[in-house]
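With the working numbering, the residue at position 260 of the sequence shown is 260, and numbering never jumps.
None of these hints come from the bench; they were simulated from the model. Among the hints, erroneous ones may be present.
Cβ pair distances, simulated, as ranges [unchecked claim]: (1) Q411 <-> D204: 33 to 41 angstroms; (2) D454 <-> R273: 33 to 41 angstroms; (3) D417 <-> D451: 35 to 43 angstroms; (4) A330 <-> D109: 23 to 31 angstroms; (5) I77 <-> D454: 51 to 59 angstroms.
In this text, all values refer to a predicted model and were calculated from it rather than measured experimentally. A virtual CB, placed ideally from N, CA and C, is assigned to each residue, including glycine.
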Amino acid sequence: MTSQRACPLPWNRRDVLRFGALGMAASAWPTDARAEGQSATAKSVIFLWMAGGVTHIDSFDPKPDAPEDIRGTLGTIDTALPGVRFTEVLPGLARQAHHLALLRSYSHDNNDHFQSQAYALSGRKVPMAQIQTEPNIGSVVSYLQGPRADLPGYITVPGITRPGPPPHNLFVAGWLGEAHAPFSVGGEPAEPDFTKGLQERAADPPSALEDNLRPEPLTFPDGLTDARLARRAGLRTLFEQTLRQADRRGMLGAMESHYAGAFRLLASPAVRRAFELDRETEATRAAYGRTKLGGRCLLARRLVEAGARFVLVDYGYDPDYGNLWDNHGAAVQRQPHISEMSKRGYHLAGMDRAFSGLIADLAQRGLLESTLVVFLTEFGRTPKINRDGGRDHWGPAGSIFCAGGGTAGGQVLGATDKLGAYPTTQGYTPADVAATIYRALGIAPETFLHDRQDRPVAVLPAGSAIPGILRV
Numbered sequence: 001m002t003s004q005r006a007c008p009l010p011w012n013r014r015d016v017l018r019f020g021a022l023g024m025a026a027s028a029w030p031t032d033a034r035a036e037g038q039s040a041t042a043k044s045v046i047f048l049w050m051a052g053g054v055t056h057i058d059s060f061d062p063k064p065d066a067p068e069d070i071r072g073t074l075g076t077i078d079t080a081l082p083g084v085r086f087t088e089v090l091p092g093l094a095r096q097a098h099h100l101a102l103l104r105s106y107s108h109d110n111n112d113h114f115q116s117q118a119y120a121l122s123g124r125k126v127p128m129a130q131i132q133t134e135p136n137i138g139s140v141v142s143y144l145q146g147p148r149a150d151l152p153g154y155i156t157v158p159g160i161t162r163p164g165p166p167p168h169n170l171f172v173a174g175w176l177g178e179a180h181a182p183f184s185v186g187g188e189p190a191e192p193d194f195t196k197g198l199q200e201r202a203a204d205p206p207s208a209l210e211d212n213l214r215p216e217p218l219t220f221p222d223g224l225t226d227a228r229l230a231r232r233a234g235l236r237t238l239f240e241q242t243l244r245q246a247d248r249r250g251m252l253g254a255m256e257s258h259y260a261g262a263f264r265l266l267a268s269p270a271v272r273r274a275f276e277l278d279r280e281t282e283a284t285r286a287a288y289g290r291t292k293l294g295g296r297c298l299l300a301r302r303l304v305e306a307g308a309r310f311v312l313v314d315y316g317y318d319p320d321y322g323n324l325w326d327n328h329g330a331a332v333q334r335q336p337h338i339s340e341m342s343k344r345g346y347h348l349a350g351m352d353r354a355f356s357g358l359i360a361d362l363a364q365r366g367l368l369e370s371t372l373v374v375f376l377t378e379f380g381r382t383p384k385i386n387r388d389g390g391r392d393h394w395g396p397a398g399s400i401f402c403a404g405g406g407t408a409g410g411q412v413l414g415a416t417d418k419l420g421a422y423p424t425t426q427g428y429t430p431a432d433v434a435a436t437i438y439r440a441l442g443i444a445p446e447t448f449l450h451d452r453q454d455r456p457v458a459v460l461p462a463g464s465a466i467p468g469i470l471r472v
């Protein structure tokens, strides 16, 4: 059995403020740790987290021969794989299908958003009382393998999705402690409750909306230059200002857990450049789509290119679009029929552009082979379209995919029945997806973590790597 322990910081905030030494910050970062005897197929992970429950029948698992109240009105298209068809709203991913290991038998037994999202983010099946206590997969990776290239071990882009109501932050390190909580590019959401002002939003908001994805700590106060930052006095001044601002915003606890990382981020020109999307060509921006999701996927690529180890792209509950994937068609949601909703540039059509742009870009840059891309949502949607034109929660069946990072691309694993209701082959759970990610990163299932009381806890209490997804 392999046991990995986090490296405790040997100094407190007063020490940092008193000395302001970059060398001290550097010494606090743990070294890269892997489970002994476990070979890795990927150096980095981009986790495409679409919280809310993406419809599988209207995307990757169409049922063109089913009645219209099952299949909807979308047509289907050929993919790069003979005999495999997607719906018409996924032309980009259809062309990239030779890179995908598509799993059509993603399945578990829970229809609750909170519990299912906590399960998918952690690989641990928990009751409602524990949805914020179990560490995300990214936090486990941060704990075991640490940061890299001056970037935190776990980054969420933007990390502001709060399912609810009431809103819950499910991007957590749980019992691993705040030192392994994600670095959230978006900071604290301006309004955690995405339902506020729902009736005042446009019924069909524009898809061409973009985020400010430059973290606030990377924005220098007026008059502070790289030259000043390189001097200890300048660094100390900046960090004291940052702490005071964080204290006023009630964010000091989170900042304290990341202060060594904040030093590194601020001091590294390469890291600051990674967040500058305006360095990209217009053609690249267009390939991803000038949308929120397109920009988030592009930033994920830039972060991995800069050396990031685990980047989660977060797109689910949005102040402009509401609950993007939770498409019940209820009157309060003001959403059209699911077949029409899927065509919108911020829904499946926009997801197709952003994801296919990401995979093509990684491949063109020689990064796909070393980067495991995982598309995950908590569950699928009901086979039958409800009377409001939407689909409801459906844990028994859904579709997800992996690409790159040792993935055996160009295949479909698993199948569902003629209605898309239940797997007709072996079903695989969020725990199995987590095990697959750990396997790709070289983290053995027998690895043990240690909680705040220094008790050993298995990396994953259940689940096995999904056979056939990885080439090993």
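Hints, verified against the model:
1. Q411 <-> D204: 33 to 41 angstroms: Cβ of Q411 to Cβ of D204: about 37 angstroms, so the range 33 to 41 angstroms holds.
2. D454 <-> R273: 33 to 41 angstroms: Because 39 angstroms falls inside the window, the suggested range holds.
3. D417 <-> D451: 35 to 43 angstroms: 42 angstroms, holds
4. A330 <-> D109: 23 to 31 angstroms: The hinted range 23 to 31 angstroms holds for A330 and D109, with Cβ atoms some 24 angstroms apart.
5. I77 <-> D454: 51 to 59 angstroms: 54 angstroms, holds
This entry satisfies every hint, going by the numbered hints stated previously.
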